[in-house]
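Undergrad: Take a look at the letters that make up each chain.
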Amino acid sequence: MAVAESASPLLRINAVTKRFGGFVAVNNVSVDIRPGERFGLIGPNGSGKTTLINCISGAFRTEAGTVMFRGDDISRLPAHMRTRRGIARSFQIPRPFRSMTVAENLLVALDFTSLHGFASAVQRRDIVMSILMRTGLALKADVPTGNLSQVELRKMELARAMATHPKLLISDEAMAGLAGSEVDEVLDLLMKLASEDITIIMIEHIMQAVMRFSERVMCLDAGKIIAIGTPAEVMANKRVQEAYLGT
Amino acid sequence: MKSKSTGVRFWIGAILFLAAMLAATQVIRNEYPFFAGYIILQFVVLAVAWSILGGYAGYVNFGTSAFFGMGVYTAVFLVKATGAPLAVQIAAAAGVGALLGFAVGLLTLRMQGIFFSIATIALTIIIETTVTNWRFVGGAAGIQIQRPPVTPPFDTYVQMLFFVQALLVVLAVAIARYIQRSWIGRGLQAIKDDELAAECTGVPTLRLKLLACVISGALMCAAGAPAAMYFQYADPSSAFNLNYSVSALAMSLIGGTAHWAGPVLGAILLGVTQQFLAVTISSEVNVLILGIMLVLFVVAAPEGLIGLIRKIGNWRAGRAT
Ligand SMILES: Nc1ncnc2c1ncn2[C@@H]1O[C@H](COP(=O)(O)OP(=O)(O)O)[C@@H](O)[C@H]1O
Ligand SMILES: [Mg+2]
Chain A
9 MAVAESASPL
19 LRINAVTKRF
29 GGFVAVNNVS
39 VDIRPGERFG
49 LIGPNGSGKT
59 TLINCISGAF
69 RTEAGTVMFR
79 GDDISRLPAH
89 MRTRRGIARS
99 FQIPRPFRSM
109 TVAENLLVAL
119 DFTSLHGFAS
129 AVQRRDIVMS
139 ILMRTGLALK
149 ADVPTGNLSQ
159 VELRKMELAR
169 AMATHPKLLI
179 SDEAMAGLAG
189 SEVDEVLDLL
199 MKLASEDITI
209 IMIEHIMQAV
219 MRFSERVMCL
229 DAGKIIAIGT
239 PAEVMANKRV
249 QEAYLGT
Chain B
1408 MKSKSTGVRF
1418 WIGAILFLAA
1428 MLAATQVIRN
1438 EYPFFAGYII
1448 LQFVVLAVAW
1458 SILGGYAGYV
1468 NFGTSAFFGM
1478 GVYTAVFLVK
1488 ATGAPLAVQI
1498 AAAAGVGALL
1508 GFAVGLLTLR
1518 MQGIFFSIAT
1528 IALTIIIETT
1538 VTNWRFVGGA
1548 AGIQIQRPPV
1558 TPPFDTYVQM
1568 LFFVQALLVV
1578 LAVAIARYIQ
1588 RSWIGRGLQA
1598 IKDDELAAEC
1608 TGVPTLRLKL
1618 LACVISGALM
1628 CAAGAPAAMY
1638 FQYADPSSAF
1648 NLNYSVSALA
1658 MSLIGGTAHW
1668 AGPVLGAILL
1678 GVTQQFLAVT
1688 ISSEVNVLIL
1698 GIMLVLFVVA
1708 APEGLIGLIR
1718 KIGNWRAGRA
1728 T
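Protein chains in written order, with the numbering used here: chain A, 9 to 255; chain B, 1408 to 1728.
Here are the in silico distance ranges between beta carbons for each label pair:
#	chain 1	residue 1	chain 2	residue 2	range
1	B	Ala-1581	A	Asp-81	35 to 45 Å
2	A	Gln-100	B	Arg-1614	19 to 29 Å
3	A	Gln-131	B	Gly-1502	31 to 41 Å
4	B	Asp-1562	A	Met-137	51 to 61 Å
Hints were generated in silico from the structure; no laboratory data involved.
Glycine residues also receive a C-beta, built at the ideal position from the N, C-alpha and C atoms.
If we strip away everything but chain B, and leave its shape as in the complex, we get (with noise of 0.2 Å):
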């Protein structure tokens, strides 16, 4: 019963925040808002979809950005190639993702720990270089993407990639949400608590962390498939920057992974931070803040912003009673 009305009042603030989003596209001139917005909504994608193997199952993922890369330049090669519309790069990166991910999951999810997360990087730099290396979608040096005519009722295209983005939001939540409340979510934990015992009890742990590593890989690379039209530019080293890692990271973790909301909670935080930060300062000191921020959740705040409100919550009804 109770579960039965909390997915209603989910779906309508679903539709409500997307019906915000549109408006806010109808009625704002000013295209900065949508600029910034757009990243915040992207690393809100990107934290969601880290948590769901990096928080729910525990295997700590550093190769966020080899992920987002590829989603990146997915959509180039589709555009250099056949001028696929936007609709249809943002689906195949998600089908490249999701290949990626299994294979990535397939070669790396025996491992445990850190070297777990080991792999995940070194799987990073050997697809950058790859890419590096591909002629086709301009090699290192990059490719400049020029932008089709922007489709009504947006009036230009960077407010329509906001929207976009807002999509993949709740798309994201919506999935993270499902696993989280389902016997996959279940699952998870169990093999976050106790791989051994999650075995004997009946879970089958690899199967249930390559389908985390799919479905988490496909939603980064879908994150990142708007990023050629938004930038009208790719190059390598920015797409494959390990900053996505980083941050999807520490969002998460910041944000706390024990609920859905905790990844987006974060990314909003420190996304909002960031482009404060990177307007009035620079980007290094970006990092730095995020770095010194993780530092002080790790310690102070292991189960991050969610499990302080939880805390909080707890006391003030202890308090009451």
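If we strip away everything but chain A, and leave its shape as in the complex, we get (with noise of 0.2 Å):
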């Protein structure tokens, strides 16, 4: 423990407030988390976790606080400059490029985030294919996104975040919908990932993947923490159950 909270953190979350209108989403929320943590996001809903993610991802611009990336503010920095960074993320509702292939999604995130630019054309279906084959996706890498199944797509979000060779993956609400072993696989996918020296914040409702997969635990409720530490922790604690076991 000791050991885990001298190393720098990877990302630096400081006393982040996001308000739409008077409505404070999230409120003076303040984490780090390490390089190659494992960490759980949960909360009941509207508690305030897709808009910290849109905070950290750059969707939204931050009211108050500071993200720190690897020891730089990035708090200003547009999206793109976060993914380039190595901020990746998929989205609660799939948010496929809908006019393309799965291919060309991943194309999309080669094209304009990675060293790959100057690729050939080959050496780039190279590097697709093996994100694709990574996440279960190869046979569909020339099918519209539009013919997905439900599962499919939450892994061509996966896939594409990975396209853009993250450091930080962000996933939310991937297994949202989805039935039993197709929850199975997501969450193995993530749990090869993180294997692969990448950080991963996952938001999950599903607590069993969220006790799985986590090495450390926060809930948020009303925009604010209210708890954070182990998975035991975290689910033990009496606000916790209050707030999100008990609805």
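If you follow the hints, you should be able to join the two separate chains into one complex; please do so.
TA: Encoded structure:
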């Protein structure tokens, strides 16, 4: 524990606040994410999880507080610059590029984020295929995203995020609405990615998945942190049980 | 491999097209085909230019007439102030168009959907009003332009303008084709599909939209520059006529914006129709027919002619196997 805390954080969220009009969706949240960590983020619907992710990824600007990534203040950077620095995300409601195939979705990421801009078409195709292989989508490479099933769409979002070569991957409820075996597929996939030296923040409602995946869990309620610690500690927390499990 | 050979084929096609246009000016004595042909080629440039922002990026621009009119008046200004030759007028218009595209883009591209479109209309009105009050280039009454002597090998000035517009067509199509096939095109397509997802995938959306707006604006302005010499006259209400905005949009969408050939097809189809109608009926009927065709296509073939052609191709391929 002492060793981990002394290592400099990959991501430092420092007193971040986000308002919508008068409504405070994220309220003075501070947390450090360590390199290589598997971090679970839970909380009831509307507690501000997605909003916090939007502040990290740059979809929203924060009203107050800073977001530091690998030692740099990225609070003012537009989203695409944050992506290029190594923050990738999936969306709670999948947002594929609908006019493109699966492979083309990943090529967007290669074109705009990586060193592969100058790679030949064949090399780029190889990179795309290797990511699709790892995410179990190899057979769907040339399928338009409109023809994908729900679980395939979720995997495609993770694959596209992977194609940006992230150091931090944020998965926003990638398992919501999936059947039991599909949940395991996506969870295995995230575990595999985590073992490849990628730090992962996983937002999830499925408690089993959170417990299995996370080294540390944070619970939000009404925009505030109400508990943070090991999965067992957080589950045992009274306020978590009231706010979250009680519903 | 495949893309290299299609590149060769494209440029052979472009050279053959220009050679045919040049040959036509040397062989055909009658002026009328060039009068009509010039207008059609001008609309091809406008439609292709429009599709770079409006089609690839999905930002529906109603400001074509602002860019076109600025092209006309850049030429008018240069002719009046310095007597600059046609090539300089066009190059300067392209520069003005690029700057205007940059300025308009900065002002409007943070807006999305209908708000962007409305903003482009507003800007058109502002620009037209400004020129209307600019005495040096004739104000609201317009201005007569004297054509200089024609340059060989052309016999008449209209033939020369016709060929110049053909050159602009090749330039516009080459640029649109390059964009469509490059990382720029992929980025614009991502923006059109989902702007937030594009940003989060590393696409610098604002910069890319600005680039599209600059290129599109430069081409539209360039297309307008020769019109001063063509009509030998310019006035704000013709140069900034909303008809250019509506036509460029309709031609592009009717042709289909998924491929550079779409706006070309759309402009030829509608341009030729308009030329016949203008001769046989009236220009008001023109606009009506444009509107009806646009509605028909939006309802029945939202992907335009290009989409129809692809669908038929797929259907045939499906039946063959
Ligand atoms: N773009 C927005 N505009 C206004 N309110 C928003 C917006 N996004 C989220 N909210 C509000 O902020 C709160 C937190 O939402 P969200 O972060 O999506 O919660 P969670 O992901 O934890 O379910 C909710 O009350 C939601 O209605
Ligand atoms: Mg959410």
